[in-house]
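The numbers in our numbering rise by one with no breaks, and the one at position 388 of the sequence shown is 388.
These aren't lab readings, by the way, just hints derived from the structure by calculation. The model shown is predicted, which means the values in this text are computed figures rather than measured ones. C-beta: ideal position from N, C-alpha, C; glycine also. Any given hint could be a false lead.
[Stated by the list, open to error] Pair by pair, the computed Cβ-Cβ distance ranges are:
id, residue 1, residue 2, range
1, V31, Y330, 40 to 50 Å
2, H345, K138, 36 to 46 Å
3, N371, D100, 29 to 39 Å
[Unchecked claim] Within a straight-line C-alpha distance of at most 30 Å, the following computed DSSO-like cross-link-like pairs (lysine-lysine) qualify:
id, residue 1, residue 2
4, K138, K36
5, K190, K36
6, K36, K139
7, K272, K95
8, K164, K36
9, K190, K135
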Amino acid sequence: MNLRTNLAFFAVLGFMNASAADYRITDFGAVNDTAKLSTAAVQQAIDACSQAGGGRVVVPTGSYKIGTIVLRSNVNLHLEHGATLYGSTDLADYKPVKSDFLSLRTQTETIQLVYADNVDNVVIDGYGTIDGRGKAFKKLSWNDEGITRPHLLRFIQSRDITVKDITLRNSGCWMQHYLACDRVRIDGIKVKNRNNFNNDALDIDGCHDVVVTGMTADSDDDAITLKSTSPRLCENVTIANCVVSSHCNAIKLGTETNGGFRNINISGIAVKPSEDQTSQYFGLPRGISALSLEIVDGGVLENVSVSGITVEGTEAPIFVRLGNRARGYYNGQVISNVGTIRDVHIDNIIVRNAGNTGCSVTGLPGHPVENIRLSNILICHKGGAKKTPVPADEKEKDYPEATMWNTLPAKGFFVRHARNVVFDNVEIRTDEPDERPEFVCEDAM
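Work out the full structure, taking the sequences as your base and the hints as a guide.
In structure tokens:
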């Protein structure tokens, strides 16, 4: 493309942006009053915008109560500074929606505050807030996420999605779930999700070509989470320059791992304790792990790079686990293979005030993790532990968690069932003498 063509392209783009209309939700009947429901008005604005070919649906400064709204293609939902969309606390205001992508699963209908399925070119931006008021929804059963406790934001099988600058607060379960989407951009958002069970900050599930930058997140459950709840891998994902807090896992690939993860690049993350310790539903006050890389449902994890992570706290900072839970993504599915973890580089990690549990890199007998390089790592913790035996139980089918064996036999890294694991410039410091060695390796070479 030459300069003249470039200029022509941007001139057309500028004309398109300039000519796209604004659709203010107050013009469709939305009311700045959280005692009154504005769902219908907001939906009418979205539908009118999409039918006209696209534009901005503007939420003006004020407070508006909504139930489920459904986004359409070519719509920019823009929240002005001082604008807040509040989720209704009445479950009847949430519309169950079906997705073809979920057709094989038991849970084919889900509820959420903001929903989109099979859309293109959607933006949510501005300096306003979406607040799900999720504390109002009680946990009624073990797997009630998206059934009786709504997600705040969910995109399914969509393309060219941008979420930028906004603040997301207080979901009934996961804050934001991007499922089987392509070309997702998340930039500069603020997330606080500490008011209910399963309060993840970000879930990227079987998506391709994703960039997450500049996110600040404080969550009770996992913070930055990649999942693969179908055969579709999470692939070509970059996450950079974020600040996160979690009672559970700050950065996690897993637990759902039917497809797996490929070409993942995570860098420049600061992990710190939450400034709000008034509530805890899951995990530990200091957090369970800073980094968990897991395959337990037959998938593959390969070509993963994690670098430049600074950590304050967490009980067991680094956890790499190949297990065999073998849970299918639909009823009756049989998972007959164990899965693989290979080609992982974890570099330039500083951890202070960690717990005494230790870190681990483990596979299973006959199924080792392979080609794992850990370099330029400093882990500091209190120490003082007594000599600890190697755990006898492989816990092959157990839920993978960095604390699953309690105190590990190494004050640094416990490595079992592994091939070509390289430690380069890894230092473990303890405040008090610790009887455990820095490294314990079993069936590892």
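Checked hints:
1. For V31 and Y330, the hinted distance range of 40 to 50 Å is satisfied, since their beta carbons lie about 42 Å from each other.
2. For H345 and K138, the hinted distance range of 36 to 46 Å is satisfied, since their beta carbons lie about 43 Å from each other.
3. Between N371 and D100 the Cβ separation comes to about 38 Å, which falls inside the hinted range of 29 to 39 Å.
4. For the hint pairing K138 with K36, the CA-to-CA distance comes to about 23 Å; that is within 30 Å, so the pair holds.
5. Under the criterion of a C-alpha separation no larger than 30 Å, the hint pairing K190 with K36 is consistent with the structure, at around 27 Å.
6. Annotation: proposed proximity of K36 to K139 holds, straight-line Cα distance about 26 Å (limit 30 Å).
7. For the proposed pair K272 and K95, the alpha carbon gap of about 37 Å is over 30 Å, so the pair is violated.
8. With a CA separation close to 28 Å, the supplied pair K164 and K36 stays within the 30 Å bound.
9. Proximity of K190 to K135 is assessed by CA-CA distance (about 19 Å); at most 30 Å being required, the pair is judged to hold.
Hint 7 from the list above is the single one not met by this structure.
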